[in-house]
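These two chains come separately, so use the hints to put the complex back together.
Just so you know, the sequences run in chain order W and X.
So the first sequence is numbered by our numbering: it starts at 47 and just counts up by one.
So the second sequence is numbered by our numbering: it starts at 270 and just counts up by one.
Since the hints were derived computationally from the structure, they do not count as laboratory data.
For each residue, glycine too, the CB sits at the ideal point set by N, CA and C.
Some clues are possibly wrong.
Stated by the list, open to error - A partial selection of chain X residues facing chain W, derived with a Cβ cut-off under 7 Å:
| hint | residue |
| --- | --- |
| 1 | E345 |
| 2 | T348 |
| 3 | Y417 |
| 4 | K421 |
| 5 | R477 |
| 6 | G548 |
Said to hold, decoys possible - Every beta carbon over 12 Å from chain X, so not counted as near; a handful from chain W, in silico:
| hint | residue |
| --- | --- |
| 7 | Q60 |
| 8 | K95 |
| 9 | D102 |
| 10 | T104 |
| 11 | R116 |
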Amino acid sequence: MSELIDARGLSCPQPVMMAKKALDSSKESELEIMVDNATARDNLLRLAKHSGCKADVTSDGEDFIVKITR
Amino acid sequence: MFRNKSVLITGGVIGALSVILTVFGNPANMGICVACFIRDIAGALGLHRAEVVQYLRPEIPGFILGAFIISVFAGEFRTRGGSAPLTRFFIGFFVMIGALVFLGCPLRMVLRLASGDLNALVGFLGFAVGIYAGLQWLKKGFSLGRSYKIEKGNGYILPLFAVALIIFALISPSFIFHSTKGPGSMSAPFILSLGVGLLVGILAQRSRICMAGGLRDVFLMKDFHLFSGFITIFAVALVFNFIFGNFRLGFTGQPIAHSDGLWNFLGMFLAGYGSVLLGGCPLRQCILAGEGDTDAAVTFLGMLLGAAFSHNFGLASSAEGVTAGGQVSVIIGIILLTGLAYLNIAKSFSSNKKRR
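Extracted from the complex, chain X is given alone in its bound form (with noise of 0.2 Å):
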């Protein structure tokens, strides 16, 4: 029962703390943001000299330490590894790629949306016919094969990352990049953030909320169980928004977006059909890989490669608009995930069935 209303409450506490974040300092629309503050944390650890996106967010270290510590408390931190890892970075980076186009992972699509930016909703439909393309494949027997259980302590890899990232976060030492102005320089209290940061890695992991999966189980069996908290998240954060009057219907002059309804499209629509073949959004990657997947590990380290490559090269977006070089890799990452996923087609499922 507690399963059912669990990932309600995890919606709940997401869109409400998202926008709360906002109020003390982070940027507009980006309380949360996975694949922005994967950015923010590559531009810190210099992976990008983009100055105005470096940072190093607690918010994401705190996913991972949240997701890790209680799977540890709750008996379900399982180590394993070994589903093609390499296909899962690659994956992971291009939906880095796709997310930094449009300006936002899946979770911050929902949180635009929610202060009335339409071109979250171009984002939305964009990501929608993502998930249901890449759902053709599974359907067709795509799999990225099993994962199996290793050692426990390949498993406390990415917690320690997260550790790592948190001290130098504290101690900031001469290495680690902090934006003076730009989206890296706003941001909440450091114990604010890595706060909601825990709550929300510690509550995704109870409640397994998904981005991705809430439409892929609508399309695919009329489950709307993960959705709801898709929905959830949606509904708190526009009260929110509506309390604090940071609800603006419109396309135009939306903050840390841009109105190109193709490329917002397209951009969402690689997120979204990566995240499939992953079996889960950005913000899943991170819980997963704090419940000691290493698999989800890589696609997370993929996914910062993705994040340095974005702003090394001159891939994302940005309020000024979309770049030739982000349209040419939208593109590219649609055909090379559609190969990727016509290659790894399992011949059949039937050596996984036994009669007794």
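So that you can see chain W by itself, here it is in the shape it has in the complex (with noise of 0.2 Å):
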């Protein structure tokens, strides 16, 4: 069971506020966020490392799925 957040289209730091909520906040052991550029990707993989968590991406179309597994 995991996790799916949809953060395609929101401002920084907006998809990094979200997914830090959700694992702050959610007992599941993965955490999905789905974004549509780079910069969110790219914050999100910074996002997992400093919180001690595997990440995860793969490109769905012009999105991209970062998976954070604790």
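Here you go:
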């Protein structure tokens, strides 16, 4: 079971804030965040690194799905 | 890995080239200033008639086109729009008002600091507090909403406007104004300014450097990644200012600056506050506009109008000091942005979540 957050089209730093909030509050071991630009993708990868989590990126058309696993 | 270093490289290049542009003729501590240069462009287009600040600065179209070219090559050019464009226009307008009361965008603030102008330290404090204040709204759920993918042609408009500005600068038609005295008359050679603009546009697009984002991420996540670019600009410009003998520590007699502490603080407070609500500083808006973000392009136009208003209605400061109109506008700007922030608190992000 994983949670998918749709953060496409949101300005900085909202995708990261949404992911951080979910990481802090959710008990899920996996979190997926969908974003539509490389800046948000990179910010999420940095958040995962800072939080000591693993992160993988897959492309979905022009969007990216960042999977954060703790 | 490159991404981590690219922000340092970008900061270093901006710091060095900013001082070099002043050596080649740009006004003091104004190697690069997004606010001042947009103001000069507004003047050159006749949108305001302040005779000392009219010049089609090639650096700005350089930023936009550098970001456009590299984002096309890197596959990152994405045409998008629809995230509260009018609100962004309005915020961009007031970011410019605040910056011109202080006399510089966040980037020039760092450059002024690196030449020993302590008024910029007061401005920096205001900027930091403004970012912190804006961040509180983001934590409460402030959002200007989503942007959506739109047809590519929409994303070409601002880059084409940048091309038009370069053509006007080259052929100087009679309707383009060019200062014969004051800061607008001082400039590095056209080709050097354009080259630096393009290079900075390319590097800023790759590194995502952002003066507002730097402090915001420090406050939000103790993440110093973007802020390291901010520090590098300062450090490298400081070294270059020492080399070229530009460093002079103090509050008074600083070039194109005033020493009214309260309004240096509040002007940059407004610039920082608005930049956080927009999601990026004035430089970042130019870069995003080059990447196809039409909301950032609208913000750019808001900044252009803000600059025109600033000089049409005597709101901008000068070395002589701050004007009454400037003071009133900054206060109105802070109040209006606060109201806007309150009215744009999204009810819930829960609709963004799905389980699967």
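Consistency of the hints with the structure:
1. Against a cut-off of 7 Å between C-beta atoms, the interface hint on E345 (chain X) holds, since the closest Cβ of chain W lies about 5 Å away.
2. About 11 Å separates the beta-carbon of T348 (chain X) from the nearest beta-carbon of chain W, more than 7 Å, and the hint is not met.
3. At about 6 Å, the closest approach between the beta carbon of Y417 (chain X) and any beta carbon in chain W falls short of 7 Å, and the interface hint on this residue holds.
4. Look at K421 (chain X): its Cβ only gets to about 12 Å from chain W, farther than 7 Å, so that hint breaks.
5. Look at R477 (chain X): its Cβ gets to within about 5 Å of chain W, closer than 7 Å, so that hint holds up.
6. Annotation: G548 (chain X) was flagged as interfacial toward chain W, and the flag holds, the nearest CB pair being 3 Å apart, inside 7 Å.
7. Separation of Q60 (chain W) from chain X is inadequate, the least Cβ-Cβ distance of about 6 Å not exceeding the 12 Å criterion.
8. Distance check on K95 (chain W): its Cβ comes as close as 10 Å (rounded) to a Cβ of chain X, failing to clear the 12 Å threshold; non-interface status is violated.
9. A cut-off of 12 Å between C-beta atoms confirms that D102 (chain W) is not in contact with chain X; the least separation is 16 Å.
10. With a minimum CB-CB distance of about 14 Å to chain X, T104 (chain W) clears the 12 Å threshold, and the non-interface call stands.
11. In this structure R116 (chain W) is separated from chain X by more than 12 Å, as the shortest Cβ-Cβ distance comes to about 16 Å.
The structure fails hints 2, 4, 7, 8 (numbered hints given earlier, in ascending order).
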